[in-house]
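Asks: Each chain, written out:
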Amino acid sequence: MLLDPESPTFEPAVAAVLAVLSAPAFADGTGSATLTLPLLQWCAQAGPLIISTAVRDGPDHTASALCRLLAGLGDHSTTYVTQNLNTPLVQAFLRIMLSFTALPGSYGVDEEESERVLGFWYLLQEALWAIEFPPETEVTREKGMWTLAKAVYAELVAALRTKVRWPSSPTGWAKGARIPSYFRCPKGSNGWSL
Amino acid sequence: MPYVFVRIITFSFLSSFIDRSQLSALALRLVPQEPSRWPNWIISTATELSGAGGSTEHVLDFLEIAVEEVNGADLLPTKKCGRPSRSQETMSFSTLTHRSQMFQSLREAVPIVTQAIASSIVPSTDPARLRQLYSALKCLEAWMPSLPSKYAPALFHSVAATSTYL
Numbered sequence: 014m015l016l017d018p019e020s021p022t023f024e025p026a027v028a029a030v031l032a033v034l035s036a037p038a039f040a041d042g043t044g045s046a047t048l049t050l051p052l053l054q055w056c057a058q059a060g061p062l063i064i065s066t067a068v069r070d071g072p073d074h075t076a077s078a079l080c081r082l083l084a085g086l087g088d089h090s091t092t093y094v095t096q097n098l099n100t101p102l103v104q105a106f107l108r109i110m111l112s113f114t115a116l117p118g119s120y121g122v123d124e125e126e127s128e129r130v131l132g133f134w135y136l137l138q139e140a141l142w143a144i145e146f147p148p149e150t151e152v153t154r155e156k157g158m159w160t161l162a163k164a165v166y167a168e169l170v171a172a173l174r175t176k177v178r179w180p181s182s183p184t185g186w187a188k189g190a191r192i193p194s195y196f197r198c199p200k201g202s203n204g205w206s207l
Numbered sequence: 003m004p005y006v007f008v009r010i011i012t013f014s015f016l017s018s019f020i021d022r023s024q025l026s027a028l029a030l031r032l033v034p035q036e037p038s039r040w041p042n043w044i045i046s047t048a049t050e051l052s053g054a055g056g057s058t059e060h061v062l063d064f065l066e067i068a069v070e071e072v073n074g075a076d077l078l079p080t081k082k083c084g085r086p087s088r089s090q091e092t093m094s095f096s097t098l099t100h101r102s103q104m105f106q107s108l109r110e111a112v113p114i115v116t117q118a119i120a121s122s123i124v125p126s127t128d129p130a131r132l133r134q135l136y137s138a139l140k141c142l143e144a145w146m147p148s149l150p151s152k153y154a155p156a157l158f159h160s161v162a163a164t165s166t167y168l
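If you read the protein sequences in the order shown, they are chains C and S.
Read in order, the letters of the first sequence are residues 14 to 207 in the numbering used here.
Read in order, the letters of the second sequence are residues 3 to 168 in the numbering used here.
Keep in mind that the hints were calculated from the coordinates and are not lab data.
Idealized CB from N, CA, C, for every residue including glycine.
There's no promise every hint is true.
Said to hold, decoys possible - Reference excerpt, derived from the structure (chain C facing chain S, CB under 7 Å, subset only):
#1 15
#2 25
#3 28
#4 29
#5 32
#6 33
#7 36
#8 38
#9 47
#10 50
#11 51
Unchecked claim - A short list of chain S residues far from chain C (calculated; beta carbon distances all over 10 Å):
#12 24
#13 46
#14 53
#15 105
#16 143
#17 155
Taking the hints into account, I'd like the entire structure generated from these sequences.
Replies: Here it is in structure tokens:
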């Protein structure tokens, strides 16, 4: 089994899938039935176990590969995610993304995954602003979307707050590494404060 | 390009007399001429490689390197490659021709490349088959940016079909 977290083929398979996600043939989020849905399904099934291990023991190679895959999927399918915030698959995806953002420990010391997914939250915010629904359902769908988006960004801000807190025994590395994620925080709260 | 020469090159490739990227470098010199001195160089080399007893893994490695070299090369005309050009205008024109000739050879190879990749993406515990699988995944990664939309979904399916939960 190729994209099986237990298999030695997992990391090469993730690299191959990432190449597919960023291919010109699937530019601008095209191929949601071919790519996005199956991968979201895969994440919902395989993700929770990997992330709970990563939260408990720190991220290993498998968690790191999953994180790359999620970030790639997020970059490719931002529009799909925005349009389908109310579906269980997208919510499962967002939950795993939040878990990666909030990984315990200090960025650059204990883990290097939390920064990889930060770009997605920015893209999601942009997509939320840009989205257009069909006129007849616009009002209700937009209302629903913003309620969900607010909930997501509230959790994101909470996650970022814990991440930007000064470590108890700061090392030079941690101090430097903290700054970028701290400065990204306001971008998240922009979306939230709406 | 005389047939004998192709044979010598593939033999050298198989017995590691020449480096794999040197083979592509040679192609970058020979293909972009008018008329091309080595048309269909990707297909002919790949066919020759497997005919001469090269494993599928070798062929896939060659295909991966070929596309990386073509995409990575700044196809500027040099003294040995194409006519020497004096004015800026002729230079940009011949660069364009070289580029399109090399990309043409990529396009022509797409069907056999996708077939070679898809048939090699088979989960296995046998070490030789595993090496072939890794070469196929690397090859897929390298070719993805050059694949027309018509061929891309099939390759993703070949990965997805052999994965748990997908």
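Asks: Evaluate each hint against the coordinates.
Replies: How the hints compare with the structure:
1. 15: holds (5 Å)
2. 25: holds (4 Å)
3. 28: holds (6 Å)
4. 29: Holds: closest Cβ of chain S sits about 4 Å from residue 29(C), inside 7 Å.
5. 32: Holds, about 4 Å.
6. 33: At 5 Å from the nearest chain S Cβ, residue 33(C) passes the 7 Å test, so the hint holds.
7. 36: Check passed: Cβ of residue 36(C) comes within 4 Å of chain S, closer than 7 Å.
8. 38: Because about 4 Å separates residue 38(C) from the closest Cβ in chain S, which is inside the 7 Å limit, the hint holds.
9. 47: The hint holds - residue 47(C) has a Cβ within 7 Å of chain S, the shortest such distance being about 5 Å.
10. 50: Hint violated; residue 50(C) Cβ to chain S Cβ min 10 Å, cut 7 Å.
11. 51: holds (5 Å)
12. 24: holds (25 Å)
13. 46: holds (26 Å)
14. 53: Since the minimum Cβ distance to chain C is about 28 Å, residue 53(S) lies beyond 10 Å and the statement holds.
15. 105: The claim stands: residue 105(S) keeps its Cβ more than 10 Å from every Cβ of chain C (closest is about 13 Å).
16. 143: Incorrect as stated: the minimum Cβ-Cβ distance to chain C is 4 Å, not above 10 Å.
17. 155: violated (5 Å)
Of the numbered hints given earlier, the model fails hints 10, 16 and 17; all others are met.
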